[in-house]
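Top line first, the protein sequences correspond to chains A and B.
Each residue of the first sequence is one higher than the last, beginning at 1 in my numbering.
Each residue of the second sequence is one higher than the last, beginning at 1001 in my numbering.
Derived from the structure by calculation, the hints contain no laboratory data.
Don't take each hint at face value.
Cβ pair distances, simulated, as ranges [unchecked claim]:
{"no.": "1", "chain 1": "A", "residue 1": "L72", "chain 2": "B", "residue 2": "W1383", "range": "25 to 33 Å"}
{"no.": "2", "chain 1": "A", "residue 1": "Q127", "chain 2": "B", "residue 2": "V1288", "range": "25 to 33 Å"}
{"no.": "3", "chain 1": "A", "residue 1": "H63", "chain 2": "B", "residue 2": "I1284", "range": "55 to 63 Å"}
Covered stretches of chain A (chain B as the covering partner; in silico rule of three or more C-beta atoms under 8 Å from a C-beta of chain B) [stated by the list, open to error]:
{"no.": "4", "stretch": "3 to 9"}
{"no.": "5", "stretch": "210 to 220"}
Even for Gly, the Cβ is constructed at its ideal location relative to N, Cα and C.
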Amino acid sequence: MIQLRGLNKTYQMGGQPLHALRDLDMDIQTGEYVSVMGPSGSGKSTLLNMLGLLDRPDSGSYHINGIATEQLVEEQRAALRRDNIGFIFQAFHLIGRLNAFENVELPMVLAGETTRARREAVEHVLQLVGLLDRKHHRPGQLSGGQLQRVAIARAIVMKPRILLADEPTGNLDQSSGRDIVNVLENLNSEGITLVVVTHDGNLGQRAQRRVRMVDGQIVEDERHAPG
Amino acid sequence: MRLADQLRFNWQVFSGNALRTGLLLLAVAIGVASVVMLTSVGEGARRYIDREFSSLGNRLIVVFPGRNETVGGRPPLFGNSPRDLTLDDADALARIPSIGAIAPIIAGTTIISRDNRSREAMVMGSGRGFFAVRQMTVSQGQIFPERANTDALSICVLGAELKHELFGNNRAVGEWVRVGERRMRVTGVLADTGESFGIDMSNLVLIPVKTAEQLFNSPGLFRVIMELKEGADENLAKQRIYQVIRERHDGEDDITIVTQDSMLESFNNILTALTLAIGAIGAISLLVAGILIMNISLISVSQRRAEIGLLKAIGASRNQVRQLFLGESMLLVCLGIVAGIAFAYGAVFLVRQLYPVFPLMPPWWAVPAAAATALAAGLVFSWLPAKRAAGVDPVLAMRGVLQ
């Protein structure tokens, strides 16, 4: 479903060109569980942003379900992102003035969904992450693990087919982190494609497919049996 | 994104930043209120003049010596023509059928004294008609007799204040005063009507027009005030006046005619222009409010970069982000407009209660003009912040990297 071919991306960092991606080729099948690991500056976050249509490559092609994304205009990319891709960030990125329910419904609000459809979907996903009883709490009233679960609920409320997680456990203690990993893996087991970018070796080892990046290139791509 | 959802989103931003929102609201409200209130003053002045004119009741025509081609505007105070407007001219004008009361006027200043008290006062020489056209009455004694129109009688009517200064509380009617070089008997005291068109009627000495002619040794009239008869056509009367003067002045109509209507019209024009001008000055404060909105919005955009990045990551397009930020400013401006208009009307109401004489009132166009200016300023000045918000790079913003 995802096909990357010859992807290149260069950033200017303090006057020095930084080659974040070099001729990267990659395919990801529907329902795969992929971890991307590598040292800082290896290009793994850039890869995630490319996959999430948040960034455009300098050259190369990116197809989602056969759609050539590099030919889409900004509006179309935003719609494709909204409908197909869920993001989970290390810093959660919840909006502090909105309560859990309002944070989760935000993608649906942007998509112009009706109030009734929103209520149904939001309550369903909050139930899924076990936070339905906290729906009127603001981010300031929730713990780190709960915040990340709200963020996951927001990421899946539009029923995306791809979930992109950037260090999802990076800001959490061990037990909360395990908790979040369980939620993500449960979602994966129900068919969602899960791509996790992490420094954390233990987290990376849990994926069936483990990709290692160095200097903008994939140096390792292993597949393991589940478990 | 639905409108209701966007409004709710904007509102949540406002209530989360109550102080910032309140201050911006205040800036817009002050701008709108100042436009509405300043124009109310101008419009009030216009209405005040309008009411003064209509309180005169009758339709007046004023003839000045000398030609002034300018229509409306300030009438010439003294004739600039070599040919004077004379009492004979005034008599001829009086015979025009559509003219009612007529008051030829010779004016000047002189010393008026009684015993050891003396005052410099304005002297107006006129006839019985003066009392009719200016709608003046005496509080004591009598107005001029019929003979005052034709003879140089040594009589005078004093303004109320002048009488008080010369006679105190003593009886003035029947007493003698010295006006210039001449002794005159006081026959009446004007009822106190205060100022009328800038001439203080209470400090005036009225004497027969022939007497004034001798006193100032000049046959030239200062002006002739006439009253148009009920139902008479103003333009026809004007033509007749020109015709009469041409016949008497060797074919030249070297006079200027100002009618009450045209005077009122030029006052109206001047005051409307003035109102527009002060309204425009008020609008400057709206520009200031606009610049303030831009400043604060730019700060707000850089503070909310992470949020903007997130909105993009969860599917907001560039346009949606721009629309959110523009909508935020517009909503703020709309609230400011409502607050400003409410405040302005409240202030106008209060002033009207305190000073009922002055008909303070915003002109009909003040509110739409203030609102339109505020909206335009809000739109123009929030364009740049909204554009900057739309251009936020989500990748960098969410990592907390400043561009």
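Hints the structure violates: just list their numbers, smallest first. 2, 4, 5
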